[in-house]
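Chains as they are written, first to last, in numbering that gives the first Met the number 0: chain A, 0 to 338; chain B, 0 to 283.
These aren't lab readings, by the way, just hints derived from the structure by calculation. Be careful, since some hints might not be right.
Computed far set for chain B versus chain A, every beta-carbon distance over 10 Å [what the hints assert, rightly or not]: (1) PRO121; (2) ALA165; (3) TYR241.
Simulated restraints, written as ranges between beta carbons of each label pair [to be verified]: (4) LEU10/B x ALA311/A: 41 to 47 Å; (5) VAL195/A x ARG83/B: 41 to 47 Å; (6) LYS59/A x LEU61/B: 24 to 30 Å; (7) ARG148/B x GLU46/A: 55 to 61 Å; (8) LYS222/B x GLY110/A: 53 to 59 Å; (9) ALA331/A x ALA171/B: 15 to 21 Å; (10) SER14/A x LEU131/B: 54 to 60 Å; (11) ASN117/B x PHE52/A: 32 to 38 Å; (12) PHE52/A x LEU131/B: 46 to 52 Å; (13) GLY41/A x SER6/B: 46 to 52 Å; (14) ALA171/B x GLY110/A: 46 to 52 Å; (15) ALA166/A x SER197/B: 32 to 38 Å; (16) PHE52/A x ILE8/B: 39 to 45 Å.
Beta carbons: idealized from backbone N, C-alpha and C, even for Gly.
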Amino acid sequence: MSWWRRDLPPPTPHSPLPRIAIAIGAALLSLILLALTGLAFGHTPGELLSILFSGSVGSKFALEGTLLKSIPLLLTGLSVGIAFRAGVWNIGAEGQFLAGALGAFLGARYGMVAALAASLIAGALWASIASVMRLWRNAPEVLTTILLNFIAIHLLGYAVNGPLQEASGKYPQSDAVAAAAMLPSLGASELHAGIVIAIVAAIGAWFLLYRTAEGLRLRASGFNRSAARWAGINVDAQLVRAMAISGAMAGLAGGIELLGVTHRLFERFAAGYGYAGIAVALLAQLHPLGTLASAFFFGALTTGAGELQRTAGISSTVATFGQAIVILVMIALTRRKSA
Amino acid sequence: MTHALFSAIPLAIVASTPLLLAVLGELVVERAGMINLGIEGMMLTAAMTAVVTTQLTHSLALGFLGGIAGAALVGALYGLFALRLGADQIVTGTAIVLLAQGLTGFVYRELQQNAIFNQAIPRITFDAVVPLAWIVIPVVLAMLLWRTRFGLRLRACGELPAAVTANGASVAIHRWTALAIESVLTGIAGAYLSLALSSGFAENMVAGRGFIALSIVIFGRWKFKGALLGTAVFGIAAAAQYAMQASGRGLPFHLLLAVPYVITLLILCGIAGRVRAPESLGKT
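Hey, can you work out the whole structure from these sequences and the hints?
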């Protein structure tokens, strides 16, 4: 047995109430730790938290920004959640997000539906490179998916500086996609139809994992590989499918971000949504419906961090810092072994 | 082509020195039964603390010590979760990478107006790190792991920790020691990256070297000879690509940036199927 072939730690408490309590506790504790860190650099916790709060949910404009950021986070969170549930260590949502955006950009000339489908397929294919390497050569997907992230980032850099650069050739970015392929906005708001797709995806993921035989096989493969194999499940096939579904979700996130928000590709397109998905999934304790709330929390954190940068001059990378703290706090709160 | 390859070798040796130090550190830790993805974050933190210490003290030697201290701090956090709390090591490692990225990015911008990140750092006049990393440290570590009782026990922690306990020795002490060794090595690696190979700190400057190091440990089959060989192969392949670029026959610039990661993927696919990891690696 190599180290990358192992079972997922058993899930945290099974009944919903303690799980929700743990998540809320972890979120609050993380905010406190974040504020304390700010204190070390001369920002009072009150100032920091109030900007974070007002900048994320304090006004209609801020709330829209938060929801807008929650959409890709929800999808990458689902991506990571499904993979981890199936015992597949997909740390590659960042790269699959970019693959999905590239796919959507290429598919956009054939309309919105084609673009979204292309993003799903591109994400799934990019993730499947890791499956192939794992099954064919036993290369650990933890490492291959991370390496594929770096490759995707540089491929995108090449694309927007080379073949896909805008016609005017002025900036390292692509032209905007055709208006027909853009996601329609909801009413007079900044929000776009992607939020509906993302919520449907979350419900679909829940249905898949907890209400279908395929979902049971996926979870069984993640929970105990050898027991699953003895039960007649082809765990290798489950790995391939989990990775593909996971990649498709992250790819869809990239496609929706392109068609709904940025409309063009540029070098720093992914902006950490893929890695943030890990924090989203773990705060939700890998539950698709919990991911709805978790994505909103991290959407608020990201939007609030942007406001911190504008008004208080604090780097918005505190959002990344916050994600890390949430993961660590969740680990500490849900660990099995008593210290 | 062959000329480009040979002229690339000295460059490759110097440029892959921080990578080699990371590989050596990770090898020790994995032999003790831990898988530390957080090494990427340890190097990044070290790169920053090394620059800060150097600018505050105007001493490169203290800068390297500052790098080691930074890496040790992050390593201790990893140890707290992976060893003390028995947390999943992959998840912990990932969180530590994010933590280091967020924290260094935050500090970098807090101090951006400060002279610390604007002043030129002193130039290294005598580079002792390269011979240390390529000759002295691998020999010393190999002796330590394969010629001493301590090393035997450390390796047993990676294969069958229960045997170490039955022998009356402490698994925790051996693993913490392995982490300490890794902290020193990645601390030097991070410091070398920002003080010698670059002219200061830049956000995310480690650029995946930690993950590449983990792959090379597998390629080298958890042995020091393999680690040296793997790093050299990787370094020369990457440097040859740059040399070809300079001669005008290489890939477009942005694709060139992807080459090290593609090489690492190929290395992983070439070898991973036929290796045996330490038996208890990554188990909590």
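Now the hints, each set against the structure:
1. PRO121: For PRO121/B, whose nearest Cβ neighbour in chain A is about 27 Å away, the distance exceeds 10 Å, so it holds.
2. ALA165: Nearest chain A Cβ is 20 Å from ALA165/B, so the label holds.
3. TYR241: Non-interface label on TYR241/B holds, nearest chain A Cβ at 14 Å vs cutoff 10 Å.
4. LEU10/B x ALA311/A: 41 to 47 Å: At roughly 44 Å between Cβ atoms, ALA311/A and LEU10/B fall inside 41 to 47 Å, so the hint holds.
5. VAL195/A x ARG83/B: 41 to 47 Å: 45 Å, holds
6. LYS59/A x LEU61/B: 24 to 30 Å: 53 Å, violated
7. ARG148/B x GLU46/A: 55 to 61 Å: 56 Å, holds
8. LYS222/B x GLY110/A: 53 to 59 Å: Since LYS222/B and GLY110/A have Cβ atoms about 55 Å apart, the given range 53 to 59 Å holds.
9. ALA331/A x ALA171/B: 15 to 21 Å: 18 Å, holds
10. SER14/A x LEU131/B: 54 to 60 Å: 56 Å, holds
11. ASN117/B x PHE52/A: 32 to 38 Å: 34 Å, holds
12. PHE52/A x LEU131/B: 46 to 52 Å: 50 Å, holds
13. GLY41/A x SER6/B: 46 to 52 Å: Given about 51 Å between the Cβ atoms, the range holds.
14. ALA171/B x GLY110/A: 46 to 52 Å: 60 Å, violated
15. ALA166/A x SER197/B: 32 to 38 Å: 36 Å, holds
16. PHE52/A x ILE8/B: 39 to 45 Å: Violated, since PHE52/A and ILE8/B (Cβ atoms, about 57 Å apart) do not stay within the stated range.
Hints 6, 14, 16, counting from the list given before, are not met by this structure.
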